[in-house]
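S.K.: Taken in order, these protein sequences are the chains called L and W. Residues 1 to 97 in the numbering used here are what the first sequence spells out, letter by letter. Residues 1001 to 1450 in the numbering used here are what the second sequence spells out, letter by letter.
These aren't lab readings, by the way, just hints derived from the structure by calculation. Careful: at least some of the hints might be erroneous.
Claimed, not checked - Dumping the calculated DSSO-like pairs for lysine-lysine here, alpha-carbon to alpha-carbon at most 27 Å:
1) W:Lys1294 <-> L:Lys36
2) L:Lys29 <-> W:Lys1082
3) W:Lys1082 <-> W:Lys1120
As the list claims (entries may be wrong) - Facing chain L, a subset of chain W residues (Cβ under 8 Å, in silico):
4) Glu1032
5) Asn1105
6) Gly1123
7) Leu1244
8) Gly1286
9) Pro1296
Here the structure is a predicted model, which is why all the values come from computation and not from measurement. Backbone N, C-alpha and C define an ideal beta-carbon position, used for all residues, glycine too.
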Amino acid sequence: MNSPPILLTAEVCLEVVIASTPHPDRFSKADDPNSKKLFDLGIVDALSSALFVQNVKRRIAPWRIDDSILLSSRSNTVQQAADSLQTGALSDDAYAQ
Amino acid sequence: MRNRGILPAVFVVASTIAMGQSDFTLTGIVPEAGRKTALDVNYKGTYPDDPSAYLSKDAWRVWVTRPNSANPEELGVTAVEKIVSPNFTINKLRLSLSGDLPTGNAIGASAWHALFNPSKASGIEGLSFDSIVNVVIETGGTTAAKPSCENTPPAPTPYLCAPGPGAPADVSLSGSFLAGGGTKPIYTFELKGGLYKSGDVPDLLGFHPGVAGAVEINQLAQPPNNRTIIDPDSITAALAFQRLQPLQTRRAGLYGLQFDEALPGGEFCRTDPSSNIIFRSSLLFGFSSISSPKHPSLYGTIYPVVALEVGKNLNKPSTIAMTAVDLSHYNAIFRGVVGSDAVFAVASQDRSADVFSVSGSYRVRLPAFDEPFVETLHQVTTVSMTTKARNWIQANVNYAPWKFKYLSLTAKYEYGELPPLFTLVDHQFTIGFTLQAVQSQKPGLVSAAQ
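Make the full structure from the sequences, and use the hints.
M.R.: As C-alpha cells, this is what we get:
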C-alpha cells in the first residue's frame, strides 16, 4: 500500500523550494520570500534552473508537476516558485481522494 | 507657539503609522491542498497592528469553478488566520472553507475567485482575486488564447521564443564578415541547434531524447579570397539524449550532474570530403555558482566536462588542402575529452538579464589512435597522423540590446582544431551577430546544442 504523500501546504512548498536551490543557506528566517529571488539562492543559468526543477520534483514525489508549470527562472521570487508548486502539483489518482 | 511644534510632530507620527500600515497589500490567492482544502491569500508589506478587518470571516467570499463546469459555486468561509511558521516568514492569510470542496487534482484545476469586502468602518478598500488555473479548463465555446512568449504555462506558447536570462539558445545562427581591399567578402557562420521532444516520452533510463547539430562555415577561409563561397568546415549531427541528476547531498559545491549521450553522431567536412561516425558520452559537473555577498549582482559558473568519443572513420580523402595524404590507417576512433565551460557575468538589478557577460569553453581531445592533424603555416599545409592533443577554445562576449530579444551582438575568439580533420583555426577573432531562439515547451533540460 502506498504511503500518503506529504501535504503541500504553503510552508512545505516554501521549504521544498528553498531546500532545492544550490544555496539554501542564503535564505534566513528573516528574509521575505516575496522579495528574495531564486537568483539570490544560486539559480543563475539554465543548468541550475533545470537541476532545481528536477530537485523539486524528486522532493515532492509522489506528487508530480509539469516542468513548465514550476516557475524556475532566476528572476522569479522564492514565493512565486512556491506558489506555482502549490498550485501546479498533481497527485496520482490513487491519492486524489 | 508650543502648539506649532507639537502639531507637525503629531502629523509626522500619524503619517508614519499610516504609511506603515498602508504598505500592507493583498496580492493574490493560491488554493492549498492541505489536510482540508483551504485558500491562501498572499500579501506583501508590514503586517498591520490591527489586522481584524482582514481576519474577519465576514469580509471574505469565495467561489470555485470546477474543471469542465461553467458555473461557479460559492463556498463558506469559516475562519481566517495568519499562517505562522517557526522556520520561515510566510506572508499569507489562510481562509478555511466549508461546503462541497474540490479534492485532489481538482483543487489546482479549478478556477478560484475570492472577494475581500471589509466593512465601511474599517476604511479599507475591497479587492477581488482570481487564481492561476493549473490545467486548462475545457468549456464549450471558449476561444483558445493566442500563443505568446509572454504566456505562463499552461497558456499556449509558440514553439520558439527569445532566450531568457542565462539560458543558452536552442537554435542559433552566428555570423560575421570580413571585408577588405583585394579580397571578396568572407562570410563566416556558425549554425547550432538542439531540440528535445516535448511532452511525455517513454522512460529511457531517465534520458530525454532530442536532436543536436552544429555547422561551422568558412572558419578556415583566409584573405585574399577571389570568390565568395560557402564551405562547411565542420559539421556534426547526432541523436541527443540528456539526463539531469540533482544531488541530494552536496559535496564540494557540486549541485548536480548532466549526462549527454550522442548516439550516433556524425562528423563531416565538405571541402576535403571526410566523415566519421561517433558515439559520444559526456558528463558535466554542475557546481553551484560563485558570488560574493558584497556584490550580489556578480556571479560566475565553472562546469568541468569529461567525455568519451568512440567511432569509426567512414571516408578518407586522398588530398587535403591540395596536399596528398595517406589516411589508409585511419580507421578506429577513440578519444578522451576533457574541458570546462565558464561564465562570468553581471546581472541587472531585477535579475532578469545580464548587463555584461563573458563566456568561455575549452575542450581538449586526446586520441588513443592516430588521427589526421592539418596545419597551415605560411600558406604551406602539412598533414600528420598523430595522437597529439587537439585543443579547442571559444570565448564570447555578448551584448543583447533589450529591444532585440532574438538578436545579440557578439565578439568571438576561437583557437584550435575541430573534428573530423582537426584543421587549425589560428587565433580567429570576429565581431558579428547572433540570431537565437529557445524551444518554449521543452522539458526541463539544458540546450542540446553543444
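S.K.: A separate judgement is required for each hint: does it hold in the structure or not?
M.R.: Hint check:
no.: 1; hint: W:Lys1294 <-> L:Lys36; result: holds (16 Å)
no.: 2; hint: L:Lys29 <-> W:Lys1082; result: holds (16 Å)
no.: 3; hint: W:Lys1082 <-> W:Lys1120; result: holds (22 Å)
no.: 4; hint: Glu1032; result: holds (6 Å)
no.: 5; hint: Asn1105; result: holds (5 Å)
no.: 6; hint: Gly1123; result: violated (25 Å)
no.: 7; hint: Leu1244; result: holds (5 Å)
no.: 8; hint: Gly1286; result: holds (5 Å)
no.: 9; hint: Pro1296; result: holds (6 Å)
This entry does not satisfy hint 6, going by the numbered hints stated previously; all others are met.
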